[in-house]
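Chemist: Top to bottom, those sequences are chains A and B.
Quick note, in the working numbering, the first sequence goes up one by one and the last residue is 355.
Quick note, in the working numbering, the second sequence goes up one by one and the last residue is 710.
Simulated from the structure, these hints should not be mistaken for lab results.
Be careful, since some hints might not be right.
Label-pair ranges, simulated between beta-carbon atoms [as the list claims (entries may be wrong)]:
id: 1; chain 1: A; residue 1: E230; chain 2: B; residue 2: D689; range: 56 to 66 Å
id: 2; chain 1: A; residue 1: E233; chain 2: B; residue 2: G638; range: 20 to 30 Å
id: 3; chain 1: A; residue 1: R231; chain 2: B; residue 2: D414; range: 46 to 56 Å
id: 4; chain 1: B; residue 1: P687; chain 2: A; residue 2: T282; range: 49 to 59 Å
id: 5; chain 1: A; residue 1: T282; chain 2: B; residue 2: G587; range: 24 to 34 Å
id: 6; chain 1: A; residue 1: E259; chain 2: B; residue 2: P374; range: 48 to 58 Å
id: 7; chain 1: B; residue 1: G638; chain 2: A; residue 2: T282; range: 20 to 30 Å
id: 8; chain 1: B; residue 1: G502; chain 2: A; residue 2: G245; range: 36 to 46 Å
id: 9; chain 1: B; residue 1: D596; chain 2: A; residue 2: A76; range: 25 to 35 Å
A virtual CB, placed ideally from N, CA and C, is assigned to each residue, including glycine.
There are 2 protein chains.
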Amino acid sequence: MKTVHVHGERDVRLQEAPPPSLLRGPEASGRDAIVRVVAACVCGSDLWTYRGFREPAHDRGMGHEFVGVVEEVGHAVRTVRPGDFVVEPFYVADGTCAVCRAGFSAHCLHGGLWGADIAGEGGSGGTQTEHVRVPLADGTLCVVPPGSTGEDLLPGLLALSDVMGTGHHAAVSGGVRPGSTVVVVGDGAVGLCAVIAARRLGAERIVAMSRHADRQALAVDLGATDVVAERGEEGIARVKDLFDGIGPDVALECVGSVEAMQQSMRTVRPGGNVGFVGVPVTGGEVSVRTMFGTNVGVRGGMATVRDYMDELLPEVLSGAIEPGRVFDVQLPLDEAAEGYRLMDERTAIKVMLRP
Amino acid sequence: MKTVHVHGERDVRLQEAPPPSLLRGPEASGRDAIVRVVAACVCGSDLWTYRGFREPAHDRGMGHEFVGVVEEVGHAVRTVRPGDFVVEPFYVADGTCAVCRAGFSAHCLHGGLWGADIAGEGGSGGTQTEHVRVPLADGTLCVVPPGSTGEDLLPGLLALSDVMGTGHHAAVSGGVRPGSTVVVVGDGAVGLCAVIAARRLGAERIVAMSRHADRQALAVDLGATDVVAERGEEGIARVKDLFDGIGPDVALECVGSVEAMQQSMRTVRPGGNVGFVGVPVTGGEVSVRTMFGTNVGVRGGMATVRDYMDELLPEVLSGAIEPGRVFDVQLPLDEAAEGYRLMDERTAIKVMLRP
Chain A
1 MKTVHVHGER
11 DVRLQEAPPP
21 SLLRGPEASG
31 RDAIVRVVAA
41 CVCGSDLWTY
51 RGFREPAHDR
61 GMGHEFVGVV
71 EEVGHAVRTV
81 RPGDFVVEPF
91 YVADGTCAVC
101 RAGFSAHCLH
111 GGLWGADIAG
121 EGGSGGTQTE
131 HVRVPLADGT
141 LCVVPPGSTG
151 EDLLPGLLAL
161 SDVMGTGHHA
171 AVSGGVRPGS
181 TVVVVGDGAV
191 GLCAVIAARR
201 LGAERIVAMS
211 RHADRQALAV
221 DLGATDVVAE
231 RGEEGIARVK
241 DLFDGIGPDV
251 ALECVGSVEA
261 MQQSMRTVRP
271 GGNVGFVGVP
281 VTGGEVSVRT
291 MFGTNVGVRG
301 GMATVRDYMD
311 ELLPEVLSGA
321 IEPGRVFDVQ
331 LPLDEAAEGY
341 RLMDERTAIK
351 VMLRP
Chain B
356 MKTVHVHGER
366 DVRLQEAPPP
376 SLLRGPEASG
386 RDAIVRVVAA
396 CVCGSDLWTY
406 RGFREPAHDR
416 GMGHEFVGVV
426 EEVGHAVRTV
436 RPGDFVVEPF
446 YVADGTCAVC
456 RAGFSAHCLH
466 GGLWGADIAG
476 EGGSGGTQTE
486 HVRVPLADGT
496 LCVVPPGSTG
506 EDLLPGLLAL
516 SDVMGTGHHA
526 AVSGGVRPGS
536 TVVVVGDGAV
546 GLCAVIAARR
556 LGAERIVAMS
566 RHADRQALAV
576 DLGATDVVAE
586 RGEEGIARVK
596 DLFDGIGPDV
606 ALECVGSVEA
616 MQQSMRTVRP
626 GGNVGFVGVP
636 VTGGEVSVRT
646 MFGTNVGVRG
656 GMATVRDYMD
666 ELLPEVLSGA
676 IEPGRVFDVQ
686 LPLDEAAEGY
696 RLMDERTAIK
706 VMLRP
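I would like the entire structure built from these sequences, with the hints used as guidance.
Modeler: Here's what the structure looks like:
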């Protein structure tokens, strides 16, 4: 089958690989599934690898988001059946451990990030391919009700795999509630989904920070009430001005840079919150003294998207939310390299890949 | 009048000072009040100065907590009258600015920490004395209903000046709610008040970390369900063990050291919260990457105690909560130095000083 691998900085290639199969033998738990990929996509965090910011990536499968149809399941799988249309979160989880029960399946005691080698359950390759083996299928996969997986719904369902749940996580972590005032830092797919999430949670006013006309327009369409194009000190001052000079209640950090975190912390009012979901590739610290002196809370991290699917899926199916609109480019899997290029250059917001 | 000044490390002295008077003249706003101190106290944060950890403190008035009776008010004061029994928060606030309206009067745009020079309103001396001038009296002072200020209620009312509101702030910042599981790091007066607050907010299980038998007993009396005497790695492991091996939902950091913050962050479960109120005298940073990888949120800071008085005062008056129990020593103002010594050596939990 065809699969997308990275070979170095800005070097992704389509190559052939043997299709995956269920783990067999006496040691196999029988808890995995083989899924045919219907649609995958390129994530902003894939770009960190693509740009060479992360660990040297040589000949490694790419992608951690997809939707597809189950082809085969292990003998111990109970809730997922061949023929089911499923959404995969960007991680593997059993759904039953103490951490999963606490609502944080992204930190499942027996799972791990997509692609990691799960103890006793084997690994999983990249999802920018044709067939994928999913460990711990019962806890990991979300089954979509039959009859609701038409082409028009595909982008929205695929968004649940990461970006919509991640934008939602920013808003939940930042404590957005009815009447909140919110600024969204970052106009990528996650930032735009954070706008959807903030609106959905009842925010009264949502400022999108963006310098790109098309993203500004989409942000407004998705629920932003204000747009601020300025950055840095000027951007902070502009946003503060919109809220009595003191800033909004909540900042949603959807970038992952040290600068975006600092800007978020400095933009909100005393006692406000920063909900953050940008992968902090460049690291960074938050000063306890600064937090103490401002009462600005910081909360966020890896979005626990599997937990959110039960809540968000019905709204995607009903059309109440339209996170699929962040996909502005669709390409055949063969043209994955072009998809990476478009996102790297910010020409595309988010690229869907079709095997 | 007599007043307590600090002169250097572990050197506090009682000395004479002229009594304060209302600001007069054409520039005076008339928004101040003179209050006769009925009871003041020594704060854990006063000990940082006493121990020489903070700015060189030479001949400076000490204390930022008191209750007392209003003697005189400026011409623009509206809600406070001579004869009123009042509780002072440890800061000055106008109660009307945008930040105060957002519920964070501790960061009032026109106020400041007790003792600071308030623009246009003058300064305020230490409260370990006989008479105090209070700037912005309407926003700052909380009037206690007449007839409810007997000797037995005095400790509870004085606790509202700082420690009870601060313990409450830790619990609110940490998101304690009905059913929460909580660990309290720090067995000083604030930590003990955090136990009261966590119980009041409906926590199901509250672990007090303490090595002192008397404080352990008081913590249990105030609502702690478990006591852990171990510290460091051993303490973290013990507490995690009590909660499915993953830790409780919330840690309340009531110390202010780098170690206590790290311990708090490492003790709670993935997706848990740290509510912190310890003054971070030694500074410290929180790694964004660590927060990202654990989804542990950090929120807290200077407690906005004036805002909490409306909610907590009736419960002190009714006896529903008894934060006054943290005062285990009462001394005449003349013996302030002894009070500092007892608290510095942790022989006393909290010392009340009576002028």
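Chemist: None of the hints should be skipped; say for each whether it holds.
Modeler: We went through each hint and held it up to the structure:
no., hint, result
1, E230(A) <-> D689(B): 56 to 66 Å, "holds (59 Å)"
2, E233(A) <-> G638(B): 20 to 30 Å, "holds (25 Å)"
3, R231(A) <-> D414(B): 46 to 56 Å, "holds (48 Å)"
4, P687(B) <-> T282(A): 49 to 59 Å, "holds (57 Å)"
5, T282(A) <-> G587(B): 24 to 34 Å, "holds (31 Å)"
6, E259(A) <-> P374(B): 48 to 58 Å, "holds (52 Å)"
7, G638(B) <-> T282(A): 20 to 30 Å, "holds (22 Å)"
8, G502(B) <-> G245(A): 36 to 46 Å, "holds (42 Å)"
9, D596(B) <-> A76(A): 25 to 35 Å, "holds (30 Å)"
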